[in-house]
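Work the whole structure out from these sequences, hints included.
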Amino acid sequence: MAAADELAFHEFEEATNLLAQTPNETTTRSDQLGPKGHVAVAMDSGGSYGAEDEVEESDKTELLQEEKPQPGFWTFGYYQSFFDVDTSQVLDRIKGSLLPRPGHNFVRHRLRNRPDLYGPFWICATLAFVLAITGNLTLVLAQRRDPSIHYSPQFHKVTVASITIYCYAWLVPLALWGFLRWRKGVRERMGLYTFLETVCVYGYSLFVFIPTVVLWLIPVPWLQWLFGALALALSAAGLVFTLWPVVREDTRLAAGVLLLVVVLLHTLLAMGCKFYFFQPLPPEPMASPHQATSQPTATVLPPTLPRSVAA
Amino acid sequence: MFLLSQQRPLELKIFFPNSSQFAGLSDISIPQDIPVEGEITIPVRSRIREFDSSTLNESVQNTIMRDLKAVGKKFMHVLYPRKSNTLLRDWDLWGPLILCVTLALMLQRGSVDSEKDGGPQFAEVFVIVWFGAVTITLNSKLLGGNISFFQSLCVLGYCILPLTMAMLVCRLVLLAEPGPINFMVRLFVVIIMFAWSIVASTAFLADSQPPNRKALAVYPVFLFYFVISWMILTFTPQ
Numbered sequence: 001m002a003a004a005d006e007l008a009f010h011e012f013e014e015a016t017n018l019l020a021q022t023p024n025e026t027t028t029r030s031d032q033l034g035p036k037g038h039v040a041v042a043m044d045s046g047g048s049y050g051a052e053d054e055v056e057e058s059d060k061t062e063l064l065q066e067e068k069p070q071p072g073f074w075t076f077g078y079y080q081s082f083f084d085v086d087t088s089q090v091l092d093r094i095k096g097s098l099l100p101r102p103g104h105n106f107v108r109h110r111l112r113n114r115p116d117l118y119g120p121f122w123i124c125a126t127l128a129f130v131l132a133i134t135g136n137l138t139l140v141l142a143q144r145r146d147p148s149i150h151y152s153p154q155f156h157k158v159t160v161a162s163i164t165i166y167c168y169a170w171l172v173p174l175a176l177w178g179f180l181r182w183r184k185g186v187r188e189r190m191g192l193y194t195f196l197e198t199v200c201v202y203g204y205s206l207f208v209f210i211p212t213v214v215l216w217l218i219p220v221p222w223l224q225w226l227f228g229a230l231a232l233a234l235s236a237a238g239l240v241f242t243l244w245p246v247v248r249e250d251t252r253l254a255a256g257v258l259l260l261v262v263v264l265l266h267t268l269l270a271m272g273c274k275f276y277f278f279q280p281l282p283p284e285p286m287a288s289p290h291q292a293t294s295q296p297t298a299t300v301l302p303p304t305l306p307r308s309v310a311a
Numbered sequence: 001m002f003l004l005s006q007q008r009p010l011e012l013k014i015f016f017p018n019s020s021q022f023a024g025l026s027d028i029s030i031p032q033d034i035p036v037e038g039e040i041t042i043p044v045r046s047r048i049r050e051f052d053s054s055t056l057n058e059s060v061q062n063t064i065m066r067d068l069k070a071v072g073k074k075f076m077h078v079l080y081p082r083k084s085n086t087l088l089r090d091w092d093l094w095g096p097l098i099l100c101v102t103l104a105l106m107l108q109r110g111s112v113d114s115e116k117d118g119g120p121q122f123a124e125v126f127v128i129v130w131f132g133a134v135t136i137t138l139n140s141k142l143l144g145g146n147i148s149f150f151q152s153l154c155v156l157g158y159c160i161l162p163l164t165m166a167m168l169v170c171r172l173v174l175l176a177e178p179g180p181i182n183f184m185v186r187l188f189v190v191i192i193m194f195a196w197s198i199v200a201s202t203a204f205l206a207d208s209q210p211p212n213r214k215a216l217a218v219y220p221v222f223l224f225y226f227v228i229s230w231m232i233l234t235f236t237p238q
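Top line first, the protein sequences correspond to chains X and E. At position 64 of the first sequence the residue is numbered 64 (full-length UniProt numbering), and the sequence of numbers has no breaks. At position 151 of the second sequence the residue is numbered 151 (full-length UniProt numbering), and the sequence of numbers has no breaks.
Just so you know, the hints here were simulated from the structure itself, not pulled from any lab data. Any given hint could be a false lead.
As the list claims (entries may be wrong) - Over the 12 Å line for every Cβ pair with chain E, so calculated as not near, a few chain X residues: (1) 98; (2) 217; (3) 233; (4) 234; (5) 240.
Stated by the list, open to error - Okay, the calculated bits of chain E under chain X, using three or more residues with CB under 8 Å as the criterion: (6) 119-129; (7) 137-143; (8) 213-223.
From the three backbone atoms N, C-alpha and C, an ideal C-beta is built for every residue, glycine too.
Set out below in structure tokens:
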């Protein structure tokens with residue numbers, strides 16, 4: 001009699017634990033646990049709850065798999081599952097990418113293994129347009145100093161910027177994911193990220209470049225290099241801290257080479273953007289103060305003047 | 001196919017067979033033929049009138065004026081955005097097409113620059129407007145919005161109207177002599193019209209999203225109109 005009472009009490013606790021963890025489940029499913037819970041308690045006479053936890057976990061995953069059949073990739077619902085984020089979650093992920101901490105893995109802590117496509121896509125779009133626009137604005141600033149420079153909207157830079165950024169943010173994660181899968185085939189103990197998680201990490205890590213690019217408008221060279229270095233450090237640190245737990249099971253050589261290549265590619269992107277979109281300004285004119293205080297004329301110049309930009 | 005037209009009287013004649021076959025109904029004696037006359041009136045819904053053969057016979061001017069009036073009415077709704085459903089309910093893509101073509105044509109310049117360095121080409125403006133609108137619509141639907149694809153395209157396209165007006169004003173202002181005042185006037189006009197576009201489109205689009213995702217759906221609209229405003233502001237003739 002007393003044993004039956006004890007078993008009934010345990011059953012209730014398991015059900016409430018599971019309900020607390022997954023609040024969407026209905027209580028009617030918890031009756032499936034009853035018999036298994038009984039078996040686990042009976043086998044561990046000392047009352048260790050390790051076996052119960054394992055049973056709970058397997059039951060829970062079984063229940064979750066029963067609840068949500070994955071829609072096929074040809075349905076709209078499949079892609080909708082990648083946009084299942086709220087405003088607060090996106091902002092939280094952006095903050096997490098701006099402040100990388102050594103112990104905190106971006107995928108585990110911020111994404112919580114639920115990657116989204118909204119962040120990477122729109123961050124890349126914003127970065128591409130901001131690059132093109134600020135690159136054009138530096139031409140305006142250059143024209144203030146040296147009126148012989150011919151201003152033009154340079155719309156082709158939008159195309160170049162968007163192709164570069166999107167290729168970087170989607171092809172490099174693809175290569176990285178493929179490489180990690182290959183290494184996992186070689187060494188079983190390595191962890192793995194899904195392709196979408198890798199894309200997410202790269203996409204959110206590019207966010208820090210958006211304010212940096214805007215700050216590159218300030219025409220002070222050493223300040224530009226400082227901002228660039230700071231942004232690169234933050235971004236690359238985020239990537240390295242995320243990849244380290246996965247890669248540390250590998251040989252030191254492979255881990256080192258992988259992290260080095262990741263950081264190198266990121267540096268190449270930053271430097272390439274700086275040099276292509278932000279030509280250095282012409283030197284200050286040493287002529288009369290009349291020229292130094294010339295107003296910005298972003299409109300017509302005689303088209304016969306050759307366009308000259310100081311290299 | 002069967003066309004419903006206006007009310008008209010309908011004649012029915014009912015013929016009964018020989019009453020001897022209905023021997024069981026002995027109380028009732030029915031003569032051989034009873035002509036029955038009456039009127040059947042069918043209430044006609046106004047929508048069906050559109051499929052009437054009469055719209056095929058109307059003059060071309062009527063057809064065009066009807067569509068133009070619909071477009072004009074929606075322009076008014078954009079310029080004075082209220083919480084009304086007209087843009088959503090009777091969507092059409094004529095307005096966005098007219099606006100996009102006008103904007104792209106006005107952004108052309110007699111290209112003295114090399115092709116690479118100039119402003120956006122006609123095709124580039126077209127691509128940005130239409131693919132931008134499609135992308136924003138897809139984004140809105142993927143986030144779980146309950147607006148249909150073409151309704152969203154319609155709203156985004158119509159809300160380019162303030163920016164097209166800004167382009168007109170900029171082109172007129174650029175006929176005057178260049179200078180900082182010229183630039184400040186253009187900047188002011190473009191900023192006002194950009195804000196107007198955003199307000200108009202959010203008035204229509206924001207309600208279709210759940211409240212915790214409104215900002216996620218509105219930000220791409222902001223980016224879209226910002227890029228168009230940038231193209232307008234940096235336009236320099238010749």
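Starting from the hint list further up, note which numbers the structure goes against and sort them upward.
The structure conflicts with no hint, since it agrees with every one listed earlier.
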